[in-house]
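S.K.: So you can see what is in the structure, the chains are spelled out below.
2 protein chains.
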Amino acid sequence: MTKKVMIVGLGLIGGSLALGIRRAHPKIEILGVDRPETLAIATDRGLIDRPSALTEAVSVDVVILAVPITQILVYLRELSALGVRALVTDTGSTKAEIVRLADKLGLNFVGGHPMAGSHKSGVNAADVNLFEHAYFLLTADNELLKDLYSGLGAKFMVVEAQTHDRVMSQVSHFPHLLASALVMQSDGFSSDFPLTKKLSAGGFRDMTRIAASEPAMWASILLSNREAVLSRLADFKAQLTEVESLLAAADSARLTDYLTMSRQARETMEILPGNSANNHLLYISIPDEKGATLRVLALLADISITNVKLNENNREDIHGQLQISFKTRDDLTRAKELIALATNFSVVEG
Amino acid sequence: MTKKVMIVGLGLIGGSLALGIRRAHPKIEILGVDRPETLAIATDRGLIDRPSALTEAVSVDVVILAVPITQILVYLRELSALGVRALVTDTGSTKAEIVRLADKLGLNFVGGHPMAGSHKSGVNAADVNLFEHAYFLLTADNELLKDLYSGLGAKFMVVEAQTHDRVMSQVSHFPHLLASALVMQSDGFSSDFPLTKKLSAGGFRDMTRIAASEPAMWASILLSNREAVLSRLADFKAQLTEVESLLAAADSARLTDYLTMSRQARETMEILPGNSANNHLLYISIPDEKGATLRVLALLADISITNVKLNENNREDIHGQLQISFKTRDDLTRAKELIALATNFSVVEG
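Residue numbers (our numbering), protein chains in the order written: chain A, 1 to 350; chain B, 351 to 700.
Bound-form chain A, shown alone:
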């Protein structure tokens, strides 16, 4: 039975883990290690029971390292030096380098990678629902950890550390570099064609959004998964050379085929939402008359709604689509029941 947990790093991830642990295990004592100002807020908000210091790790059951990769590596050495026997886990975006070091140090370690985030950061952004329905990757199966994290509402998946890093190099780390390179190219081009900066439209914005992330954090991720990212980069150059030949040959049929295959391939991917908010979606068919939207919202006045999208113009049918996102699955279920009881509007989950 887990009785005492230490969370090192109480930012968005660490703070949200604390809230999730509390939800399922109100009796577990949670100790926090971070800067004094952060610990004061974390204690105030009830994320942790009390501030602590790393040396106390010798007397806890689980240590969670929710800090950047470079710091995880430092803390692993410190925990080993302290002779810590507790289960140690982390939340880093790469796994191979971390697991390799933990094993070398003889720690009782299981790597973790919760695939959720937010544009917000810091202890004030901690959210008990951050990990709901998100994948939570573990480098080994571990019942103690899955039980500790059972209140997160996450989907656990065991992925061996090397495989984890290879997959992430393709779906996350290399794409990040690609986005940054595209911005740098555009920026250079804009000295010859200043309009470039003015006319960057929707597609460009979407493709480069991740280039706005924290540079130091991403440099660490890329360096921690260097070999895999370099392999993707070399492979991508070959991919570009293939496209180049299609375009250079002005081969319309083969170029169309390429774009068609790409579109189909994208459809077979399980494209995950960026955050949990989109996971609890209801589509409500409302009559096309004034007050219908307001009536639904009044019904749901007590339920935590995160977003409301109203019916679009120029619909072919006579019913409007009202699209409402909820904070939690429970909120969605309650809303569905309420609407069914109070109206004859048809409701579909998104």
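Please keep in mind that the hints were generated in silico from the structure rather than gathered at the bench.
A hint or two may mislead.
[What the hints assert, rightly or not] Partial list, computed: chain A residues near chain B (C-beta under 7 Å):
| hint | residue |
| --- | --- |
| 1 | Q170 |
| 2 | Q185 |
| 3 | S186 |
| 4 | K237 |
| 5 | L255 |
| 6 | T260 |
| 7 | L294 |
| 8 | R295 |
| 9 | L297 |
| 10 | N307 |
By construction, the Cβ of each residue, glycine as well, lies at the ideal position given by its N, Cα and C atoms.
With chain A held as given, fit chain B onto it using these hints.
M.R.: Just chain B now, with coordinates in the frame of chain A:
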């Protein structure tokens, strides 16, 4: 004075242009050329006054070609063969090839490129607000055309055709190819690592969204702007080689610098929204109490709202942010006045 306009192609773009022309010039007669089913809907919805045939182009003042690039090229030849003297314009995503042909044929031609779109298509998706606040690029200054289009609410900008295509190769055409190549690479990689398809998260989704667009249309665009796109592609390979060397050298400081410069460069870009809906945004500070959101929405019951985003959890202040998007600028202005009259909530435009 423009009295008669012919629109060839009444899809999303042509249909929306028709509505915008009507808004400013209710007396102009609009003729439509398209398939019979489309013309029937366009007539029904009042987009056009009547169906027509291309031969009637000899007796109109303006011909608008709102069809794919390959068809624009065909129609230009037909209009020339008919001896059309009217002002001819188009809506294609590339301009150099089209302007070159129109000039060669001796047509009275000004190229157009409205930078707006929607995930929806077809005559039923036509929307009078589609172009509001969007850039509408013209290959030459033309008062007649700007007057004709004055009801669109678009921002006109004159860009020489070659420059247009160079800029678009960087901000739109090459990025499209990049997104498709990334999907193809991922798809290939997933045969070795099946998890690749399962774990494509938010960043990957955003980066590859445009790879879901219509393949034939994009093949035409890429081929019509082949030289410029090939030049961007070659340049990008060099850009990747530079990043590769930073990563291969495991140079943390220089890699962080690169990512920082990229982030800063992105901030200097005027990132345009993908559609007009986000352009009319109000932030309303509401008290953190039940019913406050509903009260605002009830006040605005008669105004066309497209999206409502409700206050996020974990705010540090005691006021909630309610974020409401409106269909038009007028709706936003009216909403702002109403809220100011009826409440003491502070309102800021987004």
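S.K.: So, for every hint listed, does it hold in this structure?
M.R.: We went through each hint and held it up to the structure:
For the restraint placing Q170/A at the interface with chain B, the shortest Cβ-Cβ distance is roughly 5 Å, inside the 7 Å limit, so the hint holds. With its C-beta approaching chain B no nearer than about 5 Å, Q185/A sits inside the 7 Å limit, and its interface hint holds. Taking 7 Å as the C-beta contact cut-off toward chain B, the hint placing S186/A at the interface holds, the least distance being around 6 Å. Hint status for K237/A relative to chain B: holds, with the closest Cβ pair at about 6 Å, below 7 Å.
Annotation: L255/A was flagged as interfacial toward chain B, and the flag holds, the nearest CB pair being 4 Å apart, inside 7 Å. This hint holds: T260/A has a C-beta 4 Å from the nearest C-beta of chain B, less than the 7 Å allowed. Hint status for L294/A: holds, given a least beta-carbon distance of 6 Å to chain B, under 7 Å. Taking 7 Å as the C-beta cut-off, the interface hint given for R295/A is violated, the closest approach to chain B being about 10 Å.
Contact between L297/A and chain B, as hinted, is supported at the beta carbon level, the nearest pair being about 6 Å apart and thus within 7 Å. The closest approach between the C-beta of N307/A and any C-beta of chain B is roughly 5 Å, which is under the 7 Å cut-off, so the hint is satisfied.
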